[in-house]
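2 protein chains.
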Amino acid sequence: MITKPMAIESRSMEIIAPHLAGLNLSADETKIYSRIIHAAGDVDYAPIIQIHPSAIGAAKAAILAGGNIFTDVEMVRTGINKRALAKFGGEVFCKVADAEVREIAQREGITRSMAAMRSFGENLNGGIVAIGNAPTALFEVLRLVREENISPAVIIGVPVGFVGAADSKAELAAQEKIPYVTVSGTKGGSSIAVAAVNAILYILDNSRD
Amino acid sequence: MITKPMAIESRSMEIIAPHLAGLNLSADETKIYSRIIHAAGDVDYAPIIQIHPSAIGAAKAAILAGGNIFTDVEMVRTGINKRALAKFGGEVFCKVADAEVREIAQREGITRSMAAMRSFGENLNGGIVAIGNAPTALFEVLRLVREENISPAVIIGVPVGFVGAADSKAELAAQEKIPYVTVSGTKGGSSIAVAAVNAILYILDNSRD
Chain A
88 MITKPMAIES RSMEIIAPHL AGLNLSADET KIYSRIIHAA GDVDYAPIIQ IHPSAIGAAK
148 AAILAGGNIF TDVEMVRTGI NKRALAKFGG EVFCKVADAE VREIAQREGI TRSMAAMRSF
208 GENLNGGIVA IGNAPTALFE VLRLVREENI SPAVIIGVPV GFVGAADSKA ELAAQEKIPY
268 VTVSGTKGGS SIAVAAVNAI LYILDNSRD
Chain B
88 MITKPMAIES RSMEIIAPHL AGLNLSADET KIYSRIIHAA GDVDYAPIIQ IHPSAIGAAK
148 AAILAGGNIF TDVEMVRTGI NKRALAKFGG EVFCKVADAE VREIAQREGI TRSMAAMRSF
208 GENLNGGIVA IGNAPTALFE VLRLVREENI SPAVIIGVPV GFVGAADSKA ELAAQEKIPY
268 VTVSGTKGGS SIAVAAVNAI LYILDNSRD
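Chains as they are written, first to last, in our numbering: chain A, 88 to 296; chain B, 88 to 296.
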């Protein structure tokens, strides 16, 4: 049994590496792919991850400028390395459990995570959106981008499941305004969103806690 | 786009159902399988989920008796429906971020989640262990069971990854003292542990929040 965290991680990355051969990834992309595959325990993620060519640069710039991260669910907020983010001045926000958001959702018959993204509004400008659970949250962010000129620096959109997730991610990858990280199909989830965000934070902040 | 949470969930369960055909599952098992598959967006979980025949009954009895849930990482604690659990008197505990646990881990050169499980000790008796991330945490719980007569009611053990995860879960499924829910191989994760726990809570507490 290997019990040293860094040894575990480095052995894991060695095991994942052959599954990335032939994908022609940059060093930064390799880190994001590896952390996602590690978080899912699933090498079948390798061919379905999609990273827009500007996404990593935009995410790094946003974090270095003190940009915030906006998540759809509390699990994503919990998993993000907030200490690493705070070094650059950013914070992680999630509104899904707010009483106000619950009211909006009930009144309008929409999901709470959708209402939560809507209520972020212009705060999303220049920040990082990280959606790990709700397709409706991603659809809503894409609507804000399209109809209300909201402009996050990057959208990490990996909602999961069989109802709307694949469509929401296809729409994310089809739009051309905002760089993105996504995964095609039904797979995804909070752990995947967290893995992508933390990979970028670790690229910027080599000192691990 | 479907935006009503209950409609989304019910449509998702319909899509998953055919993938469970032939597995000869009870109604309760079907709920756990379905929520896991939904949480991963991955029907390939169907053949790798393993539920000990006594596990669901033991988990229900533990919750009804006010038993607590002990998790390896904060993401699992965050995702568990604590309001549903609280109706029966239980709470969710996670020690991985405690200063004391960090010290033990550094001193002994073990992972923090391993040190965290060790420091729960006899508090685990009669409770539910839910491990979503760290193989070392599951190995440690199994050692506590084997060597220190610690006796949780059930172990939901779905650590993820390529270093130790599959072995730790095989060891869980091979022991005969404690009923378990697990997933064979490298897959798993916090979302999977949460899905299994919440499925059991929803079986007991049909009123959803």
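Possibly wrong hints are sitting among the right ones.
Intra- or inter-copy, both count: the list cannot distinguish identical chains.
Said to hold, decoys possible - Cross-link-like lysine to aspartate or glutamate pairs, in silico, DMTMM-like; alpha carbons within 20 angstroms at most: (1) Lys118 / Glu195; (2) Lys91 / Asp254; (3) Lys147 / Glu178; (4) Lys264 / Glu161.
If you are wondering where the hints come from, they were derived from the structure by calculation, not from laboratory data.
Outcome of the hint check:
For a Cα distance limit of 20 angstroms, the shortest separation of Lys118 from Glu195 qualifies neither inside one copy, at 40 angstroms, nor across copies, at 29 angstroms. For the homomeric pair Lys91 and Asp254, the shortest alpha-carbon distance between copies (17 angstroms) is at most 20 angstroms, but the shortest distance inside one copy (40 angstroms) is not. Taking CA atoms no more than 20 angstroms apart as the test, Lys147 paired with Glu178 passes inside one copy only; the shortest distance there is 14 angstroms, against 38 angstroms between copies. Taking the shortest Cα distances, Lys264 and Glu161 never come within 20 angstroms of each other, neither inside one copy (27 angstroms) nor across copies (34 angstroms).
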